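Start from chain A and add chain B with the ligand according to the hints.
Line order of the protein sequences matches chains A and B.
Just so we're on the same page, the working numbering is the position in the first sequence counted from 1, plus 1.
Just so we're on the same page, the working numbering is the position in the second sequence counted from 1, plus 1.
Calculated directly from the structure, the hints in this document are not laboratory data.
Bear in mind that the values here come from a model prediction, so they are computed numbers and not experimental data.
The reader is advised that the hints may include incorrect statements.
Partner residues are not named here, just some residues of chain A that face chain B (Cβ under 7 Å, in silico) [unchecked claim]:
{"#": "1", "residue": "Ile16"}
{"#": "2", "residue": "Phe19"}
{"#": "3", "residue": "Phe20"}
{"#": "4", "residue": "Ala23"}
{"#": "5", "residue": "Ser31"}
{"#": "6", "residue": "Val34"}
{"#": "7", "residue": "Gly35"}
{"#": "8", "residue": "Glu36"}
{"#": "9", "residue": "Pro111"}
{"#": "10", "residue": "Gly112"}
{"#": "11", "residue": "Thr114"}
{"#": "12", "residue": "Val123"}
{"#": "13", "residue": "Asn297"}
{"#": "14", "residue": "Phe298"}
Per label pair, the in silico range of CB-to-CB distance [claimed, not checked]:
{"#": "15", "chain 1": "B", "residue 1": "Tyr138", "chain 2": "A", "residue 2": "His337", "range": "48 to 58 Å"}
{"#": "16", "chain 1": "A", "residue 1": "Arg46", "chain 2": "B", "residue 2": "Arg17", "range": "50 to 60 Å"}
{"#": "17", "chain 1": "A", "residue 1": "Pro248", "chain 2": "B", "residue 2": "Ala52", "range": "35 to 45 Å"}
{"#": "18", "chain 1": "B", "residue 1": "Glu21", "chain 2": "A", "residue 2": "Arg46", "range": "29 to 39 Å"}
{"#": "19", "chain 1": "A", "residue 1": "Asp6", "chain 2": "B", "residue 2": "Arg17", "range": "19 to 29 Å"}
{"#": "20", "chain 1": "B", "residue 1": "Arg17", "chain 2": "A", "residue 2": "Thr289", "range": "18 to 28 Å"}
Built from N, CA and C at the ideal position, the CB exists for glycine as well.
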Amino acid sequence: MQLSDRVDQVPPSGIRRFFELAEEMDDIISLGVGEPDFSAPWSARDAAIASLERGETSYTANRGKKELREAIADDQRRRYGLDYDPDEEILVTAGASEAIDLAFRALVDPGDTVAVAQPSYVSYVPGVIFAGGDPLSVPTRAEDEFKLTREVLESSGAADADALVYCYPNNPTGATMTGEELEAVADFCREHDIIVLADEIYSELTYEHDHTSIATLPGMRERTVVFNGFSKAYAMTGLRLGYAMGPPEAIKGMNRVHQYTMLSAPTTAQHAALDALENCDDDVDEMTAQYNRRRNFVLSRFEEMGLSCFDAAGAFYAFPECPWDDADAFAEELLHEEKVAVVPGEAFGEGGEDHLRVSYATGLGELKEAMARIESFLD
Amino acid sequence: MSSRAEILELLRENARYTTEDMARQTDLTESEVETAIEELEADGVIRGYTAVVDWGETDKERVRALVELNVTLDRETSYADIAARLAKFPEVESLRLVSGDYDFDMEVEGDSMREVSRFISDKVAPVPEITQTVTHYVMESYKESGIEFGDGHDDDRLSVSP
Ligand SMILES: Cc1ncc(COP(=O)(O)O)c(C=O)c1O
Numbered sequence: 002m003q004l005s006d007r008v009d010q011v012p013p014s015g016i017r018r019f020f021e022l023a024e025e026m027d028d029i030i031s032l033g034v035g036e037p038d039f040s041a042p043w044s045a046r047d048a049a050i051a052s053l054e055r056g057e058t059s060y061t062a063n064r065g066k067k068e069l070r071e072a073i074a075d076d077q078r079r080r081y082g083l084d085y086d087p088d089e090e091i092l093v094t095a096g097a098s099e100a101i102d103l104a105f106r107a108l109v110d111p112g113d114t115v116a117v118a119q120p121s122y123v124s125y126v127p128g129v130i131f132a133g134g135d136p137l138s139v140p141t142r143a144e145d146e147f148k149l150t151r152e153v154l155e156s157s158g159a160a161d162a163d164a165l166v167y168c169y170p171n172n173p174t175g176a177t178m179t180g181e182e183l184e185a186v187a188d189f190c191r192e193h194d195i196i197v198l199a200d201e202i203y204s205e206l207t208y209e210h211d212h213t214s215i216a217t218l219p220g221m222r223e224r225t226v227v228f229n230g231f232s233k234a235y236a237m238t239g240l241r242l243g244y245a246m247g248p249p250e251a252i253k254g255m256n257r258v259h260q261y262t263m264l265s266a267p268t269t270a271q272h273a274a275l276d277a278l279e280n281c282d283d284d285v286d287e288m289t290a291q292y293n294r295r296r297n298f299v300l301s302r303f304e305e306m307g308l309s310c311f312d313a314a315g316a317f318y319a320f321p322e323c324p325w326d327d328a329d330a331f332a333e334e335l336l337h338e339e340k341v342a343v344v345p346g347e348a349f350g351e352g353g354e355d356h357l358r359v360s361y362a363t364g365l366g367e368l369k370e371a372m373a374r375i376e377s378f379l380d
Numbered sequence: 002m003s004s005r006a007e008i009l010e011l012l013r014e015n016a017r018y019t020t021e022d023m024a025r026q027t028d029l030t031e032s033e034v035e036t037a038i039e040e041l042e043a044d045g046v047i048r049g050y051t052a053v054v055d056w057g058e059t060d061k062e063r064v065r066a067l068v069e070l071n072v073t074l075d076r077e078t079s080y081a082d083i084a085a086r087l088a089k090f091p092e093v094e095s096l097r098l099v100s101g102d103y104d105f106d107m108e109v110e111g112d113s114m115r116e117v118s119r120f121i122s123d124k125v126a127p128v129p130e131i132t133q134t135v136t137h138y139v140m141e142s143y144k145e146s147g148i149e150f151g152d153g154h155d156d157d158r159l160s161v162s163p
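For reference, chain A alone in the conformation it holds in the complex:
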């Protein structure tokens, strides 16, 4: 059967190839995983089980359970000073993934240009294409520690874009941006009347400074849609729950697509999420403390083995420079020789070449062994 041009032009993700290579091998240590190694906090899982026991298995409101939207509003206000109305400005979705797709479909017209800060999570470019828009790559630079700057926005032609999508703390680089650094991005977007789609899914996983949401900067709230979710901070990837926050008209449009394609986000997951917000602060703190120790460990080991890596301050990724010219070949050799999986940076788009994504969402014992193997591979 003939695929639509839209789908046909999107190649399978570069991650897929490494996944297939890794799957063929036994006993590998994978530092190629983009999700937490923890299980969701027991309290949240227990709440999900209890909701099933009570028989709460129906759809919820399209926008998500009201208590959950209220809890999200409270949580985001407390943590980041964001102020969204749970009735009109919050939409609960099947993962941040769905929210991102909805935003593209609700806000992008055919022929619109969406600037995509790269390297980045792999679904933005395909999402823009599926919505009929034209993605414009904005490669961030190693010398800026992969932060988005006015300079790279200008030089890549983003001034003419209709929207900008980015993610900080970043997957794959682990880069974060301070409020001050975001101001330059905000100024640029206001000047050129650009909508901002801010993927803040890693907002809780910062180790050097607190997260700032661009929507809290002056004049940005009305032009920003923020994505967040439960996958990373609460280790709930498989429960598939996220949300979008934005001005009422954006959320209304996104909900129109959502009500026809998803109806409502998974009900059991909504129960778990509500409990997560109410009872799991300590679990998040504990997981964050663990990630931070592993981050310190990995960065120290890279320094000891002479692998150059900036001080990635967020998410659970380090993004060292690849010591070989061909990062793809390096990753493949490392997998075959030492049975350690990492992902070449170019799988995440322009700007990621010559780097490797190393995930530290793995126990310290395995990390230690993996680092020893990388060290011996380098010798």
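Chain B with the ligand only, in chain A's frame:
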């Protein structure tokens, strides 16, 4: 967090971390880690290091009992006096003063039920201040010192994911 608090947390997670690995996980140097440990030990914050053992996985018979003790105090005898006397017995693994229906919560270990029972009847019950003992033999252990004894949960994540 102070360096002492940080080191304490790491050691509570895994007392076998090398000082080198603790330094790598924190902003401390190896010698700062060593100093923090020395101080914690010297100040009596850290009293020792032991292994968490699941005896069910060994072929050694290990009998444990939790013993509730009630005592009466008089002018000359305090809880601490009684505790000092009991704690000296090597059979006593832990001893705590608790609130509620009884006074001391004592954990006793031995090689057989007979040994544990004799210890309680010959050594504990006769202590003059002890008015009552209730002994609970441990039948199965599911979690000790924060560590679950199940088979654990396999890493079922995809080996490489975005
Ligand atoms: C930057 C980023 N955004 C979104 C997602 C998807 O999150 P969810 O599980 O909420 O769909 C991921 C998952 O890896 C991610 O790394």
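Hints versus structure:
1. Ile16: At about 5 Å, which falls below the 7 Å cut-off, the nearest Cβ of chain B leaves the hint on Ile16/A intact, so it holds.
2. Phe19: holds (5 Å)
3. Phe20: holds (4 Å)
4. Ala23: Check passed: Cβ of Ala23/A comes within 4 Å of chain B, closer than 7 Å.
5. Ser31: holds (5 Å)
6. Val34: holds (5 Å)
7. Gly35: This interface hint holds because 5 Å falls under the 7 Å limit.
8. Glu36: Given a least distance of 6 Å, the restraint on Glu36/A holds.
9. Pro111: violated (26 Å)
10. Gly112: Violated. Min distance 28 Å.
11. Thr114: violated (24 Å)
12. Val123: Result: holds, 5 Å to nearest chain B Cβ.
13. Asn297: holds (5 Å)
14. Phe298: Status holds, d = 5 Å.
15. Tyr138/B / His337/A: 48 to 58 Å: holds (54 Å)
16. Arg46/A / Arg17/B: 50 to 60 Å: violated (30 Å)
17. Pro248/A / Ala52/B: 35 to 45 Å: violated (58 Å)
18. Glu21/B / Arg46/A: 29 to 39 Å: Given about 36 Å between the Cβ atoms, the range holds.
19. Asp6/A / Arg17/B: 19 to 29 Å: Taking Cβ atoms as reference, Asp6/A and Arg17/B lie about 59 Å apart, which means the hint is violated.
20. Arg17/B / Thr289/A: 18 to 28 Å: The hint (18 to 28 Å, Cβ to Cβ) holds, given that Arg17/B and Thr289/A are roughly 24 Å apart.
In summary, the numbered hints that this structure violates are 9, 10, 11, 16, 17, 19.
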